[in-house]
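**Student:** Each protein sequence line maps, in turn, to chains A and B. Reading the first sequence from the start, the letters are residues 1 to 143 in the numbering used here. Reading the second sequence from the start, the letters are residues 144 to 286 in the numbering used here.
No lab work stands behind these hints, which were simulated from the structure alone. All of these numbers come straight from a predicted model, not from anything done at the bench. Every residue, glycine too, gets a C-beta built ideally from N, C-alpha and C. A hint or two may mislead.
Each pair of labels, with its calculated beta carbon distance range [what the hints assert, rightly or not]:
(1) B:THR159 / A:PRO3: 55 to 65 Å
(2) A:GLU85 / B:PRO146: 18 to 28 Å
(3) A:THR34 / B:ALA263: 47 to 57 Å
(4) B:ASP206 / A:ASN70: 17 to 27 Å
If you only want the chain B side, here are some residues facing chain A, beta carbon under 8 Å, derived [said to hold, decoys possible]:
(5) LEU162
(6) LEU264
(7) TYR272
2 protein chains.
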Amino acid sequence: MRPADKLSHVGLKVTTPRLKVLHIFQTHERHHLTAEDVHRGMLDQKSDIGLATVYRVLGQLTDVGILSRNVFESGKAVYELQRGEHHDHLICLECGRVDEFSDDVIEERQRSIAEASGYALAQHQLALYGYCPACRERKTKRQ
Amino acid sequence: MRPADKLSHVGLKVTTPRLKVLHIFQTHERHHLTAEDVHRGMLDQKSDIGLATVYRVLGQLTDVGILSRNVFESGKAVYELQRGEHHDHLICLECGRVDEFSDDVIEERQRSIAEASGYALAQHQLALYGYCPACRERKTKRQ
DNA sequence: TAGCAAACGCGAATCGCTCGTAGCTACGCC
DNA sequence: GGCGTAGCTACGAGCGATTCGCGTTTGCTA
Chain A
1 MRPADKLSHV GLKVTTPRLK VLHIFQTHER HHLTAEDVHR GMLDQKSDIG LATVYRVLGQ
61 LTDVGILSRN VFESGKAVYE LQRGEHHDHL ICLECGRVDE FSDDVIEERQ RSIAEASGYA
121 LAQHQLALYG YCPACRERKT KRQ
Chain B
144 MRPADKLSHV GLKVTTPRLK VLHIFQTHER HHLTAEDVHR GMLDQKSDIG LATVYRVLGQ
204 LTDVGILSRN VFESGKAVYE LQRGEHHDHL ICLECGRVDE FSDDVIEERQ RSIAEASGYA
264 LAQHQLALYG YCPACRERKT KRQ
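Based on the provided sequences and hints, a complete structural model is requested.
**Tutor:** See below:
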């Protein structure tokens, strides 16, 4: 589905800021972007869009399920295109790189733990923090 | 170990604000407190301690491992006494209640996932969000 | 108990994010 | 294709959580 169709499909008007935001997510080398990353991307391509608008658009796209939002250690929110299947994150404490993984065993355990505690599970967040292969190597050399 | 010994043991001076913070954690009915909860607790017992100091103390106690820090959905940091064993959290989206659990299967899977991706695992955070038994009941009645 | 580094207190500053509002625009209807 | 309006956007002010700067105070050691 083309970006414009995606938007009208969920009942959002097709506007320049929304298309630009989607475009940035689709073309950026990283999958996980902060509001500021997106905003900077806008300015780079000479689109004079306010940061507040970026936040608003990110929020709307998240609400309709086109994007998903995660808050990691740093305290900043990062957004990514929602590509269907759920996944969790591995975050490098050194360079900020984010990798993804999904694990059925963990998902299943989560469900039964919630059930055992009487909770109706709505969502979850699992983040593993550590040092990625590249940063580990860099560290070893330094010593 | 008494609070004062705990402090000197990790090389922190034994000061009034630090003792009061520890005291509040040890006597409060909830385990998970925000900086503001702690600050309010201080004021309640007529200790005129600045919010900035509360934050500073919470940070130091976390650094030395006496407290641990978590940031949940709300965006606020919550602190709790570190009682040895690691555990994860179940958070009620309605009333903010926090329960704890730990699961060896999940821990083990996390380790192997990190290893498989080449990451050196440093820490992790797993938070399950949902509705606690009390809030579920309240919801049912309301309808 | 004197001295000094460490810790405090408090207001101002920062940071990520949201609101208020006045002006603009996509898009369904003629 | 032109119009009207609900829905959008821009931008600065505002907000809540947290941190900083710095003058004052206080544990702790010699």
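**Student:** If a hint holds in the structure, say so; if it doesn't, say that too.
**Tutor:** Verification of the hints:
no.: 1; hint: B:THR159 / A:PRO3: 55 to 65 Å; verdict: 59 Å, holds
no.: 2; hint: A:GLU85 / B:PRO146: 18 to 28 Å; verdict: 48 Å, violated
no.: 3; hint: A:THR34 / B:ALA263: 47 to 57 Å; verdict: 25 Å, violated
no.: 4; hint: B:ASP206 / A:ASN70: 17 to 27 Å; verdict: 25 Å, holds
no.: 5; hint: LEU162; verdict: 29 Å, violated
no.: 6; hint: LEU264; verdict: 4 Å, holds
no.: 7; hint: TYR272; verdict: 5 Å, holds
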